[in-house]
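**Student:** Sequence:
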Amino acid sequence: MFSTQKKYLKFGSVLFLFFSIYMLGYHVPKNNFSQEVAFFSIGCFGLWMFMKYDFPNSFLIGLLLRLILIVSVPILSDEYIRFLWDGYLTGDAINPFHFKPIELSSLADHSEIANILYSDLENKNKLTKSPPLNQWIFYFSSLTQSKTGGIILLRIILIGFEIGTYLVLKKILTRYKIDIKKLSLYWLNPLVIIELTGNLYTEGVFIFFLLIALLNLSQMQDLKGGVLLSLAFCTKIMAIIFVPLLLLKGGKYRWKKLLIGFLPISILAFLPFLIGSNTSELWHNIIAPVNKNTFNSISFDFINTMEIHLFKTEKNHLIEYILFIILAIITTLISWQFRHRNRKVIFTGLTLISSVCILFSPDVYPSLIIIPLTLSLFSNLSYPLIWSGLVFLSYSWFDQNLPIELKKTIIIIEYLLIFTIVLINRKKTFRV
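Residues in the sequence shown are numbered consecutively from 1, following my numbering.
The reader is advised that the hints may include incorrect statements.
When the alpha-carbon atoms are kept at most 16 angstroms apart in a straight line, the in silico EDC-like pairs for lysine to aspartate or glutamate are as follows [claimed, not checked]:
id	residue 1	residue 2
1	K100	E122
2	K30	D109
3	K129	D179
4	K52	D179
5	K129	D399
6	K124	E103
7	K129	D78
8	K124	D179
9	K147	D120
10	K126	E79
11	K124	D78
12	K147	D78
13	K7	E79
14	K30	D399
15	K100	D120
16	K344	D179
It should be emphasised that the hints constitute simulated quantities derived from the structure, not laboratory data.
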């Protein structure tokens with residue numbers, strides 16, 4: 001009887017997950033916050049049931065959850081339009097770092113796919129912020145010369161990287177004798193599936209290269225680890241914040257090999273795209289914290305308010321640069337604190353560093369939370385998992401029927417809950 005009951009529970013958990021992913025991927029609009037939270041909660045409940053009863057076949061189930069989205073057009077994000085636009089430009093021998101879409105409006109008159117993509121672009125007066133490796137992925141996706149074909153091909157590529165991440169995660173968990181069930185917290189997590197496979201964000205590519213770099217560095221393969229870390233950097237600039245801790249951890253005998261692997265690849269990857277570009281504008285667009293249209297960022301909402309009260313304007317960036325310096329100091333302190341700890345505990349340091357970086361970012365998109373979530377699987381920290389469940393509250397910002405004060409209150413509640421869990425996790429921070 002117990003076996004039959006467990007079978008029904010397994011079926012129920014999988015059904016909840018499939019129903020949640022299907023509805024969020026195909027039917028729930030971006031501006032309907034109540035439906036988004038409802039169906040996301042159903043998915044989280046399905047994940048909880050799956051973890052509680054320790055069901056097998058998690059890889060196959062996670063893969064099927066991704067494959068049901070294979071032909072879906074993202075409805076919770078329109079970033080994929082910019083990805084395909086950048087890929088189209090690269091295929092047309094136009095450097096995407098050189099021009100804003102509005103400067104290339106004439107392309108829409110000569111190409112059907114360019115016309116479709118240009119019409120759908122939300123912000124036509126902004127340079128791309130996607131690093132070089134992403135640009136090549138977008139290029140291959142655009143070879144179909146079709147919006148739908150580009151979406152499907154890009155999704156297949158991203159699922160391929162996610163499968164790679166699954167295998168690397170399993171290898172690292174086994175290496176450090178960590179419960180392999182924790183793998184499902186990534187592989188079956190509704191946030192991971194919706195944001196990476198559904199909305200086509202490239203954090204999954206970054207996570208794959210970061211994890212395989214860390215695995216190689218833990219195996220004393222510093223040169224190879226440096227090369228792989230550079231590929232993570234060429235996917236997302238954020239990788240640079242991990243370098244101080246990894247250099248300190250390597251010590252004076254290993255840091256040279258890491259840099260020999262990291263620097264040349266990074267320079268060679270960026271150089272072709274940066275030649276002839278407005279590097280100052282690219283800096284502000286990709287790295288510098290100057291974006292006034294913040295999203296789900298409690299730190300930047302605070303400094304914007306401070307600027308208005310102290311300087312009577314929103315155009316003074318002094319406080320923002322001070323915030324950037326504070327971020328650098330905190331990152332350095334965490335790196336120094338964890339420099340002599342064992343290879344397993346270093347993941348705790350990396351989780352904390354990535355979390356601080358995200359908290360200090362002008363735009364805290366849900367897909368970013370997947371980074372500390374993944375790194376935390378090798379630690380005793382639980383707040384990234386809670387954060388991955390709460391970050392979906394940020395979608396309230398797109399619901400025009402909600403008053404602005406209610407939206408701000410929802411975001412504040414989200415962060416209060418997260419900071420509460422962080423305080424609870426404080427004793428676990430240095431535990432092996």
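**Student:** Hint check: K30 vs D109, CA-CA at most 16 angstroms. Holds or violated?
**Tutor:** 30 angstroms, violated
**Student:** With a cut-off of 16 angstroms on the C-alpha distance, tell me whether K52 and D179 pass.
**Tutor:** Roughly 14 angstroms between the alpha carbons, so the hint for K52 and D179 holds.
**Student:** Hinted pair, alpha-carbon criterion (16 angstroms max): K100, D120. Please report holds or violated.
**Tutor:** Holds, because 15 angstroms separates the two Cα atoms, which is no more than 16 angstroms.
**Student:** What's the verdict on K126 and E79, does the C-alpha distance respect the 16 angstroms limit or exceed it?
**Tutor:** 13 angstroms, holds
**Student:** Holds or violated: K147 and D78, Cα atoms, limit 16 angstroms.
**Tutor:** 12 angstroms, holds
**Student:** CA of K147 to CA of D120, is that 16 angstroms or under?
**Tutor:** 11 angstroms, holds
**Student:** Take a quick look at whether K7 and E79 sit within 16 angstroms of each other, Cα to Cα.
**Tutor:** Distance ~40 angstroms between K7 and E79 Cα, so the pair is violated.
**Student:** Keeping to a limit of 16 angstroms between CA atoms, is the pair of K100 and E122 held or broken?
**Tutor:** 12 angstroms, holds
**Student:** Do the alpha carbons of K124 and E103 lie within 16 angstroms of each other, as the hint requires?
**Tutor:** 8 angstroms, holds
**Student:** Would the hint linking K129 and D179 be met if the CA-CA limit is 16 angstroms?
**Tutor:** With a Cα-Cα distance of about 37 angstroms, the restraint between K129 and D179 is violated, given a limit of 16 angstroms.
**Student:** Do the alpha carbons of K344 and D179 lie within 16 angstroms of each other, as the hint requires?
**Tutor:** Status holds; Cα separation ~14 angstroms.
**Student:** Taken at face value, is the distance from the CA of D78 to the CA of K124 at most 16 angstroms?
**Tutor:** 13 angstroms, holds
In the structure shown, a violation is registered for the earlier hints numbered 2, 3, 5, 8 and 13, in ascending order.
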